[in-house]
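Participant: Going down the list, the sequences are from chains A and B. Numbering-wise (the numbering used here), the first sequence opens with residue 1 and increments by one. Numbering-wise (the numbering used here), the second sequence opens with residue 192 and increments by one.
Watch out, some of these pointers could steer you wrong.
Which residues of chain A face chain B? A partial, calculated answer using Cβ under 7 Å [to be verified]:
#1 Ile132
#2 Phe135
#3 Glu138
#4 Ala143
Source of the hints: derived by calculation from the structure; they are not laboratory data. Glycine included, each C-beta is placed from N, C-alpha and C at the ideal position.
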Amino acid sequence: MPMNNTMNSGHSGARSLVVWDPLVRLIHWSLALSILLNGVVVDEDGNLHKWIGYVAVGLVGVRFVWGAVGTKYARFSVFPLNPVAALKHLTAILKGVDTVHLSHNPLGALMVYNIWATVIVIGLTGYMMGTIRFFGIEWVEKAHEIAFSWLLVSIALHVGGVIFDTWRSGVPLVRAMINGRKRIPKDRTVN
Amino acid sequence: MKKMIILGVLAFASPAFATELTTNMVLGTGMAEVQKKLTDMGYQVRKSEMEHGDIEIYVVKGSKKFEVYVSMETGKITRLKSR
Ligand code: HEM
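If we strip away everything but chain A, and leave its shape as in the complex, we get (with noise of 0.2 Å):
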C-alpha cells in the first residue's frame, strides 16, 4: 500500500514514498562498511579479517532472507536477476526514458546480485584459505583475490549507477538509502 505512505516533501507534486525498510538500509550499509574495513583497514592476517568476513557473508544471508520474507520493494519479486530486462532498460534510457523504479532497476538489479555473489565467492574462499585442504593452494588464494578486485569494479559501477540513475530519474537515491523514502518528482511515471 504504497499510498499510505505518500506525503507532501515540500517540492510541488513531488511524491515521497517509504521504499527501504530499515533492515535493508541497515544491512547496506553495514556491508559497506565490512567492505571496507576488510578491504583497506584491517590486517588481512588477523583474526579481526576473518571475523568481519563471516559478518559480510552472514549480512548477505539475512538479505537473501529478506528477499523472500520481507518488505514489498525488498523482495526479489520485484527486482528478478533478468539479463534481457536489464538490456532492454539500457536500451530505454538511451532513448531518455526516464520511469522511476521503487525498487532497483533492472541493471540495478544485476549489480546488487552481483555484488551479492561476489561477496559469498570471497567468503567461501576465504573460509577455505583457513582449512587444512586448501590452506597454501594457490588457486584459492587467486581466487579470493581476483573476487575482490571484482567486487572493486562493481562497487565502482555500483557508486556510478546511482549516481547516474540520480541524475536520470530525479530521485535522489543515496538519501532514500538513509532514511528510506524515495522522493519522485511529479512528473514521473513510476514502474
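Chain A is fixed; fit chain B with the ligand onto it per the hints.
Facilitator: Only chain B with the ligand this time, still in chain A's reference frame:
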C-alpha cells in the same frame, strides 16, 4: 637401562631428530634444500615463494598449518606463523 632411556630421550630431543618447527632452526639457504628438509620432517609443502629475499613456505602437518620464513643468508627460520 635408565641411562639408555635418557640417551634415547636426548637423541629424540636433539635437533637432528626435531620435527617441531622453531625460530632459529636451520633449514638451509636454498629453496630446494629447505623444501626437502621440511618434507623430511613430515611437513607437506603447499606453496613456496621468495619474499623480500627470504624464502616463504606454507606447510601443513596433521591439523597444523604454518607459514615459515627462512633467511637465505643464515638458513635459519626467521619467522614462524602458526595458522
Ligand atoms: C562496499 C560498498 C557497497 C556495497 C557492497 C553496496 C552494495 C549494495 C547492494 C547489495 C545494494 C542492494 C540493496 C538491497 O536491495 O538490499 C545496494 C543498493 C544501493 N546502494 Fe550500495 N553498496 C556500496 C556502497 C554504496 C555507496 C558508497 C553508496 C552511495 C553513493 C551506495 C548507494 C546505494 C543506493 C542509493 C542503493 C539503492 C539503489 C536503488 O535505488 O536501486 N552504495 N548497494
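Participant: Next step is simple, just say for each hint if it's right about the structure.
Facilitator: Hints, verified against the model:
1. At a threshold of 7 Å, the smallest CB-CB gap from Ile132 of chain A to chain B is about 6 Å, leaving the interface hint in force.
2. With a least beta-carbon distance of about 5 Å to chain B, the hint placing Phe135 of chain A at the interface is held under the 7 Å criterion.
3. Because the smallest distance between the Cβ of Glu138 of chain A and any Cβ of chain B comes to about 6 Å, under 7 Å, the interface hint for this residue holds.
4. The beta carbon of Ala143 of chain A comes no nearer than 14 Å to any beta carbon in chain B, farther than 7 Å, and the hint placing it at the interface is violated.
Comparing the model with each earlier hint shows a violation of hint 4 alone; every other hint is respected.
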